[in-house]
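Q: Residue-level listing of the chains:
Number of protein chains: 2
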Amino acid sequence: MTGKPLRPVAIIGAGPGDPDLLTVKAHRLIGEADVVVYDLLVSVEILDLVPPGATRIFAGKRARKHFMPQEEINELLVSLAKSGRRVVRLKGGDPFVFGRGGEEALYLAENGIAFEMVPGITASAGCTAYSGIPFTHRGLATGVRFVTGHRHDGELDLNWRSLADPDTTLVVYMGLTNVQKISDELIKAGLAGDTPAAAI
Amino acid sequence: MTGKPLRPVAIIGAGPGDPDLLTVKAHRLIGEADVVVYDLLVSVEILDLVPPGATRIFAGKRARKHFMPQEEINELLVSLAKSGRRVVRLKGGDPFVFGRGGEEALYLAENGIAFEMVPGITASAGCTAYSGIPFTHRGLATGVRFVTGHRHDGELDLNWRSLADPDTTLVVYMGLTNVQKISDELIKAGLAGDTPAAAI
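Which chain is which? The protein sequence lines are Z and R, in order.
Using the numbering used here, read the first sequence as starting at 1 and increasing by one per residue.
Using the numbering used here, read the second sequence as starting at 201 and increasing by one per residue.
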């Protein structure tokens, strides 16, 4: 144990893309990073905040639709942290809302690396704010629910009866490809055909 | 129309309380405010960011459990905006998650006052980040749902069967008073008694 203490890996939610919607903490930690491992959904404007001398590692390749496997990202974060550098893991939205931040945090912990979790504005909260559509509204929606409209195996097997609740705002992340199926299934499960909906 | 154009009212989510978890935009707008109308849940540390010369209006009185009625807050925001000042409406968490931000935005719009909505880290996202409990996790939770555990009329009439879903993380806001009832009802509705739960 002669080395200097390792710095915790910061797992940061970068929000919906506008650097103005980063948290103050995220903004500061990005500016202090030695190395940033970032996802596809992190905007160019936010990456511009990474110090010029810092290493940037893209954890996905869009063109070939081939993403770095999660296990590889986990290993990468551990080895970068062990080098003693200030590691920032930057994810779109919030790391804990369909961001798989929990898996990375767990792997770091299992390998004796401390982590720090910085929440971000989840994508749909940015959408509600900019579109003016609230998640909850007295007399209209008493709760809100987030589900994913995209499955890796292509099969969208959701509990449609439970989701077809007129009192709850339903937010479907990554639902564009399946938007017709989602709409059809919800109506089949009992939701009125004239239920207001928005695709953002 | 000889007056100067009115400034939009900024309806801002102040997040869970830590000023570090404000968005960059919220931080800036608070620092530029002429008058701030704030809720009980906005922390002292965040109020310290309000410029010394600005007016602060507390929209609730905790001691007497008497809050300024929503209609009065709506009127207040309109009249303050009409005075030409930079008005910031500051709410704990996110204005659109049980924050009634939609009602205020609607009333402003109906009265010809522009508004700007600034999302905040919703309270539970702060809790997940600081406790290390993710909203979604592969193989454990495929979605997340927010409901309120507190009703103004005291009656907690939720759809327990729909809520008792082992694949969805259920987040109950303001649920402390009713925590026993919520737990009992969920188990009665079919959720396993050993389902992990946390009160934060």
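Rather than coming from a laboratory, the hints here were simulated on the basis of the structure.
There may be inaccurate statements among the hints.
Each computed DSBU-like pair below joins lysine-lysine, with the alpha-carbon atoms no more than 30 Å apart [stated by the list, open to error]:
{"#": "1", "chain 1": "Z", "residue 1": "25", "chain 2": "R", "residue 2": "282"}
{"#": "2", "chain 1": "R", "residue 1": "388", "chain 2": "Z", "residue 2": "188"}
{"#": "3", "chain 1": "Z", "residue 1": "82", "chain 2": "Z", "residue 2": "25"}
{"#": "4", "chain 1": "R", "residue 1": "282", "chain 2": "R", "residue 2": "225"}
Pair by pair, the computed Cβ-Cβ distance ranges are [stated by the list, open to error]:
{"#": "5", "chain 1": "Z", "residue 1": "72", "chain 2": "R", "residue 2": "327", "range": "22 to 32 Å"}
{"#": "6", "chain 1": "Z", "residue 1": "5", "chain 2": "R", "residue 2": "309", "range": "28 to 38 Å"}
{"#": "7", "chain 1": "R", "residue 1": "271", "chain 2": "Z", "residue 2": "60", "range": "44 to 54 Å"}
{"#": "8", "chain 1": "R", "residue 1": "327", "chain 2": "Z", "residue 2": "20", "range": "20 to 30 Å"}
{"#": "9", "chain 1": "Z", "residue 1": "187", "chain 2": "R", "residue 2": "234", "range": "28 to 38 Å"}
{"#": "10", "chain 1": "R", "residue 1": "337", "chain 2": "Z", "residue 2": "60", "range": "27 to 37 Å"}
{"#": "11", "chain 1": "Z", "residue 1": "181", "chain 2": "R", "residue 2": "390", "range": "21 to 31 Å"}
{"#": "12", "chain 1": "R", "residue 1": "248", "chain 2": "Z", "residue 2": "192", "range": "32 to 42 Å"}
{"#": "13", "chain 1": "Z", "residue 1": "139", "chain 2": "R", "residue 2": "243", "range": "22 to 32 Å"}
{"#": "14", "chain 1": "R", "residue 1": "228", "chain 2": "Z", "residue 2": "43", "range": "31 to 41 Å"}
{"#": "15", "chain 1": "Z", "residue 1": "187", "chain 2": "R", "residue 2": "357", "range": "41 to 51 Å"}
{"#": "16", "chain 1": "Z", "residue 1": "195", "chain 2": "R", "residue 2": "244", "range": "25 to 35 Å"}
Note that the Cβ used here is the ideal one computed from N, Cα and C, for glycine as well.
Q: With reference to the structure, classify each hint as holding or not holding.
A: Hint check results:
no. : hint                      : in the structure
1   : Z:25 - R:282              : violated (34 Å)
2   : R:388 - Z:188             : holds (28 Å)
3   : Z:82 - Z:25               : holds (23 Å)
4   : R:282 - R:225             : holds (23 Å)
5   : Z:72 - R:327: 22 to 32 Å  : holds (30 Å)
6   : Z:5 - R:309: 28 to 38 Å   : violated (53 Å)
7   : R:271 - Z:60: 44 to 54 Å  : holds (49 Å)
8   : R:327 - Z:20: 20 to 30 Å  : holds (24 Å)
9   : Z:187 - R:234: 28 to 38 Å : violated (49 Å)
10  : R:337 - Z:60: 27 to 37 Å  : violated (20 Å)
11  : Z:181 - R:390: 21 to 31 Å : holds (27 Å)
12  : R:248 - Z:192: 32 to 42 Å : violated (48 Å)
13  : Z:139 - R:243: 22 to 32 Å : holds (30 Å)
14  : R:228 - Z:43: 31 to 41 Å  : violated (19 Å)
15  : Z:187 - R:357: 41 to 51 Å : violated (26 Å)
16  : Z:195 - R:244: 25 to 35 Å : violated (42 Å)
This entry does not satisfy hints 1, 6, 9, 10, 12, 14, 15, 16, going by the numbered hints stated previously.
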